[in-house]
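All chains should be modelled from the sequences, with the hints used to inform the complete structure.
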Amino acid sequence: MDPASMKFLIVDDSPTMRRIVANSLQTLGYNNIVEAEDGKDAVGKLESEKFDFVITDWNMPNMTGLELTKYIRSEPKFGNLPILMVTTRGLKQDVIEALQAKVNNYIIKPFTPPVLKEKIDAILSSLG
Amino acid sequence: MKSGQIEKIIRKVEELKALFIFGQRVMPFLEDLFYFVQEIAPLLDEINAQLKESSRKMPKAASQLSKVTEATEMATTEILDMVDGIIFKVNGIQTNLNRFKSYSDLQDDLSNRIQKRLSLLEQKYPNDPDIKSMKELWEKVDQSGNILDPLQSSQNYMNEIRQLSSNIMIALQVQDITAQQIASVNHLIESVQEKLSTLLSQLDSENLPELTEAQKVAIKKVAFDSNAVYTKAGERQHIADEIISQVKSTPSVDEIVNEQKEEQVVETKKEEKKTETTDDFDIASQDDIDALFK
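Line by line, the protein sequences are chains A and B. Letter 5 of the first sequence, counting from 1, is numbered 5 in this note's numbering, and no numbers are missing. Letter 83 of the second sequence, counting from 1, is numbered 1083 in this note's numbering, and no numbers are missing.
Note that these hints are calculated values from the structure, not bench results. Nothing false has been slipped in among the hints.
A short, non-exhaustive set of chain A residues, derived as facing chain B with CB atoms under 8 angstroms:
#, residue
1, D13
2, S14
3, N23
4, P61
5, L91
6, V95
7, I96
8, I108
9, T112
Listed next, the stretches of chain A that the computed footprint assigns to chain B, with coverage defined by at least 3 CB atoms under 8 angstroms from CB atoms of chain B:
#, region
10, 48-60
11, 76-90
12, 97-107
Ideal Cβ positions, reconstructed from N, Cα and C, are used throughout, including at glycine.
Right, dumping it as structure tokens:
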């Protein structure tokens, strides 16, 4: 898919992190970006707009990234919407829990743009 | 009086006697206890007052920590604005450099064409001093007009500035991580405050003052990871990647979960044998994570 046409949803309660992820995506050529401040806000946006990729934090008020992932996977209308978890949680059981919830990949903060690119590319190539 | 009644009275008298003996023995201890309580009472009052004072200060500490998070968030936003400004200006300079490059290419092309014409004129009029002089002059112009090297050097600098700006942006992730650490400390303070309040209400009928509205607003309820740490990017990612590659190489995530449980049981047994405790966490590397997702 053409990076310019891909629509990203960044979900993070930290405005700093949302901005850093958005800037990193822009340097990678992805300019169509929408932000949500927690899982609940993201659900509202997912219900009203179509997205091609979700990048979500884990620890958020109202609705966590894990709950958001479970919600997306439980709704057939979202199909195989790619989900990349970007979080500070780096314990093995955290990674496994995220995998069980069916995230496509997992990045531990602090991340670098090359790692972000690597994970996005890996997800997109695995989905064909 | 019957003999049975006399025996009963004697038994009661003996019991009374035993009670007096016990009282005599206990009396010095009771005196000690009395003096001890007399001495300890002011100390208990002091502890009570200190607890009350610390407990009153806790909401202020929590609110000040929340203000630190707000301040760092504002400062981070300002730095990000500046980094964005730098990148915007660098891109502007890059556009100008590209224009210079195009101009330089055009100049090279024109220069080559003029050189060729002058060479043809020189062949046609070999003894014309003006043509010879013009050709020499143009060669000097051509040599002095070479701006490609400084252009290339400037472009390298621009790339370095861009990379440094990106590094600043990445380092600013520390704000999110410290905000979570502060939120974790605040949570801890709140828990201690709660316990102290309970303790104080049992010691003293006077209740502690409730949090003011300003304090409630200042202490933001935020979601946090109490284990959030700022490490060099990539270190923890490797462990996470390894987990992912493990999961990817096995038929299901559940198998890995079961393996993890078995490992935990074995580890628990080992720990029981050693009768040691540890606070170490099982940290995932990026390689672990990658292996799960392959």
